[in-house]
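A.B. asks: What follows is the residue order along each chain.
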Amino acid sequence: MNPIRISLLNLPLSRCLVRIAIFSIFFGLLSVISISAQQSADTANAVPDSQLVEFALSPPFEVSAKDTPNDGGGSITVIWQRSADDLPNGIVTEYRVMRSNADQPEVFAEVGDVAAGETKPTYRYHDGNASDDEQYYYKVAAVTISGDDAETTQEVVAESDVTGPVSSSAQWFDWRRINAFVGVLLLCGFIMFYINRAKAGKKIFIRKIAGLDAVDEAVGRATEMGKKIFYIPGTQDMDNVQTIAGVTILGRVAEKAAQYDTWLEVPVSRSLVMVTAKEVVKEAYAKAGRPDAFHEDQVHYLTDDQFGYAAGIDGMVVREKPATIFYMGAFYAESLILAETGNSIGAIQIAGTGMPSQLPFFVAACDYTLIGEELFAASAYLSREPKLIGSLKGQDVGKGLILAAILLGILLETFNVWNFSSLFSVIN
Amino acid sequence: MEHFAVWVAAFLTLGIVSFLYKDNPWYKLSEAIFVGISAGYWFVVLFWDNIYGKFWNGIFPEELIDSAGNVVTREPDYWLLVGAVLGTLMLLRLIPKIGWISRWPLAFIIGCTSGLYLINYFSSNMMRQVEATIMPLVGHWVLDPATSQNAFSAFSGADIFSNLVLVIGTFTGLVYFYFSKEHRGAFGGTAKVGIFFIMITFGASFGYTVMSRMSLLIGRADFLLFDWLGLVR
Amino acid sequence: MLVAGIILVLTVIAYLAKVVGGFEGVQFSPTVSVIVVILLAASLLWILVLTLKGRLIGRRVVFLYVGIAVSLPLFMSISQKIVISPETQQLYDAISELPSGAKVLVSFDYDPPSAPELQPMAEAFLYYCFTHDFKVIVIGLWPQGPQQANLAIDKLLALPEIEAKNLQYGIDYVNLGYQAGNEFVIQRMGGSFESMFPTDYSGHPYSDLELVRNIRNFSNIDYSFNLSAGYPGTQEWVQVAVDRYGLSMGGGNTAVQAPMMYTYLQAGQLAGLLGGMNGAAEFEKLVGREDKGTRFMLSQSFAHMVVIAFILIGNVAFIVGGRKKKL
Amino acid sequence: MRREIPLAITGIVGVVFVVQYFIPHFPFSRMNDWFSDWFSIVQACAIWLGALNLLKISAQKIAARKSDWIYSIVIVACFFLIVIIGFIEGESFRGQGTAFSWLYDYVYTPLSATMFAILAFFVASASYRAFRARNFEATLLLGAAFFVMLGRVPVGDMLTAFLPDGYRLSALASWVMNFPQAAGQRAIMIGIALGIVSTSLRIILGIERSHLGGE
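Each protein sequence line maps, in turn, to chains A, B, C and D.
In this text, residue positions in the first sequence follow my numbering: the first is 1, and each later residue adds one.
In this text, residue positions in the second sequence follow my numbering: the first is 1001, and each later residue adds one.
In this text, residue positions in the third sequence follow my numbering: the first is 2001, and each later residue adds one.
In this text, residue positions in the fourth sequence follow my numbering: the first is 3001, and each later residue adds one.
Simulated from the structure, these hints should not be mistaken for lab results.
Note that the coordinates shown come from a computational prediction; the quantities given were computed from them, not determined experimentally.
The C-beta atom is built at its ideal place from N, Cα and C for all residues, glycine as well.
Please note that a few of the clues may not be correct.
Label pairs and their computed distance ranges (CB to CB) [to be verified]: (1) B/1141 to A/205: 55 to 61 angstroms; (2) C/2184 to A/226: 53 to 59 angstroms; (3) C/2054 to A/203: 49 to 55 angstroms; (4) A/61 to D/3025: 31 to 37 angstroms; (5) C/2268 to B/1081: 19 to 25 angstroms.
Simulated pairs of lysine-lysine, DSSO-like, Cα-Cα distance not exceeding 30 angstroms [stated by the list, open to error]: (6) C/2155 to C/2018; (7) A/227 to B/1181; (8) D/3056 to A/227; (9) D/3056 to A/202; (10) B/1022 to D/3061; (11) A/120 to A/199; (12) A/199 to A/282; (13) B/1181 to A/202; (14) D/3066 to A/66; (15) A/256 to D/3061; (16) A/199 to D/3061; (17) A/208 to B/1028; (18) B/1028 to A/202; (19) B/1028 to D/3066; (20) D/3056 to B/1181; (21) B/1181 to A/203; (22) A/227 to A/321.
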């Protein structure tokens, strides 16, 4: 059994009471001593006692509490209007939100505080420690604290009326996200529509992507030179879509390598990527009709460490001098270390990543670079499977809608017709 | 020991740097040490942080004693067992006969990742970027308190130009990524402008990163010349 | 092998000179420095002439020059005119308004690889705090952070002007150590520091430390400074501590991160910002203790100039080469 | 069956993880955290596979006396050294004064800091080679890099001191970063988001399935 705690002090109630008792005795003595000292020293110019130790503070008003909407329960929102003494540079330092249970409605405990001095008159506090099956009462106190540390602190408190009962609950749909919901449905709808159309045999045009047209040439060159191909599926783990995209492209490249009978080596930096890449390469060799040519050690692990991996790859590249190197996936700072070393041995390098910060380095050091979205289109482009190509068309329709929305939105906002951008605002 | 330590660090530092000249035994040794130590480092760290710290302590929470001397107990989080099951299935790969079961946890992870990325990138990257691009181009409409009507306050010429650059750049850049239409004619011209913007982007962010990268090297040079050899005053 | 042997012998001599002989290192006088700069520029011109004649240089030459551009300035004593940027000035103004005895929270959110940029900032900031009798509370959201803090503190305590102040651990400064949990740590510190840091870095209970005993949460902190190299970092501090708890805060960021922070600066959520080596050098100048940031800045300028020189040389080669040759 | 079950798992789990974004109710509200917990556990289990693979490949090299086999011995020795120390020192392996932290400070840190630092050399050689005014695109790349690089050091403003404040190189560099650079970045980011939605959808629908291997 846990003793009741005053959450902010993180002390059990009993100890709190003892502390409060000690404090009040201490302050009581202090004030008595100081008042009598003042009075004896300055009898001619006496100040009324009330001004020295306490003054009236106006409480916050219109306190209300309700279940926080669009959440997973366990939270109640308390809203109040500021105290009359809380104007900019007013004397109120903070508001304390206090709560009691339906079992003991009179026993209030502090659940949180909010700093005063906001410019807006309405304050709100989310009490995230509510339990969904309990009823609560709330009140809010305006507090003025003077003094710097615990020993000299003096507080004046003005409490509001009690509001309640109220209880929290969980909702099944977050209505603030309805725009994202509609958007995702639309975009996925387009993609699926075009996938079906392509399945039904409708031809879809796809423009040339130079980096992907070069894949054949790059694999062919390695074959001619009798050298290896290195494939690096990024340095992130399988919980990154870019890695998954990199691994699917690996499947297409491995198929070509199997057809040409060229040694493809995949050194990876994550164990899960190793497991997946092995499956992919094995399957690709089987598809190409060369299951016997697949070797387990084609895919191997080096180290999870970003720069340890880069050091290892650098060594392998200069020693084994592959004719072609692919970099497809998520990269960080190691991108340029790898690409410059590959460049120095004269390998053909084809890179693709969705990391905007690393794209410039690949562009500078590689022969071909797939920029962002092109990486995600690569698997479809290389496979030429109608279903996959269809998804690219769906993506483009989405893009067209975005372009139209940008134009329309700018027009509407420039002429002050409608705040169009709010349609796209995301709440987290 | 301190002398030894700083020499070890300097030896390894120079070993890596020597690669810039050419591959050599010194680099090979440093590289092998790096690969071995870092693989082992992550092996240990993942074990203690993830398996022991997250899983074991999550299922069998330790009793903590707080500053007041009270024992704080935490609820065990049995949901972590799902992770343990997935991890165990993964390890079945070591047994060739039933190794194929490891595709299940893999399929699970890929499914989660796809779902999460789909919605996260849609909502934060796409919606947020589109929202930021849609803006009034030539001026604000501000509420005039005197007449309580919206009054137009124009941006400066420079601001209008900057906004136009931002909008045109985003628009044409997106056109460049169009896959299902040939880049010819007016459409091709727009895409061409888009690639110009993308090139400026690459150049600028390349130039920007140079500063940070140089400071890393300065730090190493300082270690060698100051901390190690004491050549610099 | 021979080269490695020579390097080894030379380094052993240098090391012995330092350890046994008490050799204090060299510094070029301004005249020598200028001569070195001129020689460097002349050699670059020579490369340009070679390129014009059609002889192209390889990447190793570029590497060599980068190495020289970074190391030589460390020996030089040329003063570079450092212009104080408004964001650095703002940080300085914010801390110069604090009274002596003010409680300052410094969060070290970086690890050794980012130290070249952030350590000079940390030292300059702590130097100002110690010389102005601020009470310093150190924490870290990155595991290596508190260690970096101790390195900076130990270095500063050895300075004569600070040694004279006879600062005491637990009274004038504390290091509360690292706590895992990223922005949730900041959030819970808003309730109680003690709940997140029951003991300090070396295991003393929170309540035994005189400096922090009476500090409950952010409301008892007068100013805070965050040294950040990524996540968690300044962004999280601003979102939680500044926005929710009204902490007054300044940031020190790596050059890669700094541009993202300008929005916070403009919105008034950050009271001052140091960005990259540049920011460190500016702040050192304001604080009046020019150290590594300033010295490193010279290397930084040289390195940029060398890179730019090689870009120019490369383009000259390209134009002279009839725009045809594949380089 | 070896293919259908994984496909079904991916599809169902994928849809659930899309939907969780819109449902604040338990258990959907906690799925994000669960996944990150589960993933970190799977990751920690899987690293055994990786480590065994590294040891196996190294052992093969040593056994076959392939070129540079001696370095494979170093890899294996270093791996065991740090792993054994890490397990002996237990939970508090990171503490001050442990052998593990010595290895971290004097072996691991200098190695990774140096590897990170040699990027400076590569940045220089890449810009020497790549930033050439071959055509209009390359000239834009070059120009943007040039101005931003100069604008970031005091020299840049010194060279343009004759211009009024706000028009010097540092101001130009920040304008380039804030407008044309940001525009290009935005187009790339929106494109990436579309690509990710499409790729994820293909995986969830089971159209893209090469990652699941064959029969």
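A.B. asks: Among the hints numbered above, which are violated by the structure, and what are their numbers in rising order?
C.D. replies: 1, 5, 7, 9, 11, 14, 16, 17, 18 and 20
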